[in-house]
Amino acid sequence: MWINRLLAERDRCEFQKKVTMKFLAIMKDSLREAIDSKVFFVMVGLSSVMVLLACTLSFKPQPAELQIENRADEPNELFKRLVWPLNTDLSDLSIEKLQRLGSSQKQSGLHLYDVKGVDALNGSLNDPQGDYLVTVVARFAEAEEAQKVRKDPQETLDLLKNRFGAFDELRVVEVAKVQVASSNNHYLPETPNPKEIYFELQTHPTSATRRLWPHEPSVLFGAFSLSALKNVPLGVQLYVIEDNIINGWGAWLAILLSIVITSFFIPNMLRKGTIDLLLVKPIPRPILLVLKYLGGLCFIFLNTAFVVGGMWLAMGWRSGIWTIGFLLTIFVITYFFAILYAVSTLFAVLTRSTIVAILMTCFAWGFLFAIGLTYQFVDSDSRVKKLEQEKEGLQYSEGWFSTGVRVIHYVLPRTRDLDILTTRLLIRDLWTANQIQGQKLDPTPISWGESITVSAIFIVLLLGFSCWWFSTRDY
Amino acid sequence: MAVIHTKNLAKRYGKIEALKGVSLKVEEKEIFGLLGQNGAGKTTLIKILLGITRETMGEAHLLGESAGTPAVLRRVGYLPEDHRFPEYHTGHSLLDFYGSLLGVSRHDRQKRIPEMLELVGLKGRMHSKVRTYSKGMKQRLGIAQALFHNPDVIFLDEPTDGVDPVGRREIRTLLQHLKSEGKTIFINSHLLGEVELICDRVGILQSGELIREGDIASLTRQRGLFLVGLAPGQIFPQAEVAQKGYPVTPRGEFWEVALADGQSIDPVVDLLRSRGLSIRHLVEKRQTLEDMFLETVIAAEPGVDQPVARRKRPL
Chain A
1 MWINRLLAER DRCEFQKKVT MKFLAIMKDS LREAIDSKVF FVMVGLSSVM
51 VLLACTLSFK PQPAELQIEN RADEPNELFK RLVWPLNTDL SDLSIEKLQR
101 LGSSQKQSGL HLYDVKGVDA LNGSLNDPQG DYLVTVVARF AEAEEAQKVR
151 KDPQETLDLL KNRFGAFDEL RVVEVAKVQV ASSNNHYLPE TPNPKEIYFE
201 LQTHPTSATR RLWPHEPSVL FGAFSLSALK NVPLGVQLYV IEDNIINGWG
251 AWLAILLSIV ITSFFIPNML RKGTIDLLLV KPIPRPILLV LKYLGGLCFI
301 FLNTAFVVGG MWLAMGWRSG IWTIGFLLTI FVITYFFAIL YAVSTLFAVL
351 TRSTIVAILM TCFAWGFLFA IGLTYQFVDS DSRVKKLEQE KEGLQYSEGW
401 FSTGVRVIHY VLPRTRDLDI LTTRLLIRDL WTANQIQGQK LDPTPISWGE
451 SITVSAIFIV LLLGFSCWWF STRDY
Chain B
476 MAVIHTKNLA KRYGKIEALK GVSLKVEEKE IFGLLGQNGA GKTTLIKILL
526 GITRETMGEA HLLGESAGTP AVLRRVGYLP EDHRFPEYHT GHSLLDFYGS
576 LLGVSRHDRQ KRIPEMLELV GLKGRMHSKV RTYSKGMKQR LGIAQALFHN
626 PDVIFLDEPT DGVDPVGRRE IRTLLQHLKS EGKTIFINSH LLGEVELICD
676 RVGILQSGEL IREGDIASLT RQRGLFLVGL APGQIFPQAE VAQKGYPVTP
726 RGEFWEVALA DGQSIDPVVD LLRSRGLSIR HLVEKRQTLE DMFLETVIAA
776 EPGVDQPVAR RKRPL
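So the sequences go chain by chain: A and B.
Each residue of the first sequence is one higher than the one before, counting from 1 in our numbering.
Each residue of the second sequence is one higher than the one before, counting from 476 in our numbering.
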């Protein structure tokens, strides 16, 4: 018995080894085919230019004193915001709450704690990794109240130590030491206000300080300033740049080129005189087609990994921030492409025409994008209408158009969801774990399991049909 | 047991009947040539045997198993007629690719690739791109890939197509060598002279039907015709031979003696000897394979690629 099992295991291993060998051969063949086409060099060239351009990015930290000036045109002053947790309860942070807080702070201009000044304890004022002496003023409604704190400041000192710069579980800075401001503090007013008390906080940077520190970005080693992103926290700058490349024009161009390159693979394989030589090899036709599909997909995965990995290294080197979310987008982009490549494979097998495969894949891409966008609009519109009608005590019923869009959205791959997932991956390093866990980054409710499963089923169905067609045709 | 065996094999493409009940047997270690006009169904027959195309009716067996199964394909080599190798490959990388798909280990591939390319005379160009190869070189590369995994049965569709006379001779020698190694070879070819030199047996396919089959010698033999030659200066007794009931026709320096059914050439030989004539040449006259093929095909209906008679156009 055990000998049979051993032999069966050996056969299984041998089979796996042979399938792996065939898969690697087909992948290598796809790579040779892609390299042979000029489009590949355009793609590699563009990818290299993007990586090299990322290598020339510069991020110049803004001086700390600029970050406490209450200027309407510069809403991102870091030090000014560090007192927010002292004025409001910022545990369980949500986007809506943060937005409300920002606007209320701006409008009122009056709150209990405020940052009056920042001094560097070592180094310069524009070093995100430096220690700083921050002068904070506490304003009280009544002079008696302030007097009481002056007599026994311990509770306020503890509060300052624990909550200064503490957003949710994210600590922007550590407070190393806190005390009532000494008389030689140059931020003390000439005429003391009995309702105010000045405190001095010695801050020490945390892992988050750098990415929240406003910077001035530029490309080509400072030659061209990216003024639109000036004075924005470094993490946000990185997000905007990454999002533009991965979710914006960069991704569109890369996917379009990928569609063009890979659309040649299967029609070329099916050409008379070429297919005969493959069909006489001892590989079942469905496996041959699936291996060819995977070969194309791996090629795109490697290219994506090259671009995203290269940019990740370049941007990490230039900014000092290593965002894991950016790297994870490699898998999301490949999955997105897997959906499109399944469409390309189907039409390539049905028509054996590269042009038809390219056109139909682009059409499917546009259609899925349009459906995702329309669904988002229909869904939010339906919710508003439903609320309005329920307020009036009426039963809400959806129109045929909305129902149609919803049905199509449910059965087709959710490429729009993948765009949202990419955004979330890019932004995840900028938000706290509680925010991410609470899914408060985006108000659109998305069932990731369902979304990914529906897309996977779509791929399997298209590939299954392609395999059936390929297996039953005469060549 | 026959290595290749088809029984009432039929294939229909819409209204076109490419094969009409073909029954064929090819034995082990045999070189079999399938002849026929364009569109006669030769390639269809091979494609069915290799599982590239599926039969509409009948049975096709290869090496004792159903044709086209992976187990059978592992033991089969194939050179298609209009093969088109991916031109981004070199000769070396192409054999490496096909070898991987055949399940040949990396070690064996590295060993066999230079050997095979040397065998077909391409070793010097093995790292050049296929697109730089001439037609003859591509053909030789095709033969190399068909033989790469040391198959038991080899299907060659027009193997000498585009190959120069020296190359053809090399291919012939190679095929004879393969035969001596116990390989079974199935050849489709229009070059009847080549087939005659290489094949043991041939079959003629006409409009999807196997109309003639047999060994070369029996198919080309012309019963009842002998060529006789005498020593220089001697005169052939034409009238006397004719009187004995053997019509004689001069053929250059020889004389063609026709025998009726049941007649033997011996009385003619005896007559010549009795007259003291020296017989220098006496052979039974044979047809070439080409003569036999044309005779057979013309006797049958034309192939499917023959121009269809034009319909009368309305005036």
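There could be a bad hint or two in this list.
Unchecked claim - Derived CB-CB ranges, DEER-like:
| id | chain 1 | residue 1 | chain 2 | residue 2 | range |
| --- | --- | --- | --- | --- | --- |
| 1 | A | Phe331 | B | Glu502 | 52 to 58 angstroms |
| 2 | A | Arg473 | B | Thr771 | 44 to 50 angstroms |
| 3 | B | Ala775 | A | Leu350 | 35 to 41 angstroms |
What the hints assert, rightly or not - When the alpha-carbon atoms are kept at most 27 angstroms apart in a straight line, the in silico DSS-like pairs for lysine-lysine are as follows:
| id | chain 1 | residue 1 | chain 2 | residue 2 |
| --- | --- | --- | --- | --- |
| 4 | B | Lys604 | A | Lys22 |
| 5 | A | Lys28 | B | Lys654 |
| 6 | B | Lys719 | A | Lys272 |
| 7 | B | Lys586 | A | Lys272 |
Stated by the list, open to error - Examples of chain A residues toward chain B, derived with CB under 10 angstroms:
| id | residue |
| --- | --- |
| 8 | Glu174 |
| 9 | Val175 |
| 10 | Ala176 |
| 11 | Val180 |
| 12 | Pro282 |
| 13 | Val356 |
| 14 | Met360 |
| 15 | Tyr475 |
It should be emphasised that the hints constitute simulated quantities derived from the structure, not laboratory data.
Yeah, the Cβ is synthetic: ideal placement off N, Cα and C, and Gly gets one too.
*Regarding the hint that A:Val356 lies at the interface with chain B, is the smallest CB-CB distance below 10 angstroms?*
A:Val356 check fails; min Cβ-Cβ to chain B is 20 angstroms, beyond 10 angstroms.
*Has the hinted range 35 to 41 angstroms been met by the Cβ atoms of B:Ala775 and A:Leu350?*
Holds, since B:Ala775 and A:Leu350 (Cβ atoms, about 39 angstroms apart) stay within the stated range.
*asked:* Taking the Cβ atom of A:Phe331 and the Cβ atom of B:Glu502, is their distance within the range 52 to 58 angstroms?
replied: Between A:Phe331 and B:Glu502, where Cβ atoms are some 57 angstroms apart, the hint holds.
*Hey, does the A:Pro282 contact hint survive, CB to chain B under 10 angstroms?*
holds (4 angstroms)
_Distance restraint between B:Lys586 and A:Lys272, which requires alpha-carbon spacing of 27 angstroms or less_ = violated (30 angstroms)
*Given A:Met360 was flagged as interface, is its beta-carbon under 10 angstroms from a beta-carbon of chain B?*
Violated, because the Cβ-Cβ distance from A:Met360 to chain B comes to roughly 24 angstroms (cut-off 10 angstroms).
*Once the shortest beta carbon distance from A:Glu174 to chain B is found, is it less than 10 angstroms?*
A:Glu174 check fails; min Cβ-Cβ to chain B is 57 angstroms, beyond 10 angstroms.
*Cβ-Cβ distance between A:Arg473 and B:Thr771: within 44 to 50 angstroms?*
Distance hint for A:Arg473, B:Thr771 is violated at roughly 34 angstroms.
_Holds or violated: A:Lys28 and B:Lys654, Cα atoms, limit 27 angstroms._
With a Cα-Cα distance of about 35 angstroms, the restraint between A:Lys28 and B:Lys654 is violated, given a limit of 27 angstroms.
*Closest C-beta approach of A:Tyr475 to chain B relative to 10 angstroms, hint status*: With Cβ-Cβ at 5 angstroms, under 10 angstroms, it holds.
*Can the restraint linking B:Lys604 and A:Lys22 be considered satisfied, given a maximum Cα separation of 27 angstroms?*
holds (22 angstroms)
*Are A:Val175 and chain B close enough, Cβ to Cβ, to be under 10 angstroms, as the hint says?*
violated (63 angstroms)
Hint compliance for this structure: hints 2, 5, 6, 7, 8, 9, 10, 11, 13, 14 are broken, all remaining hints hold.
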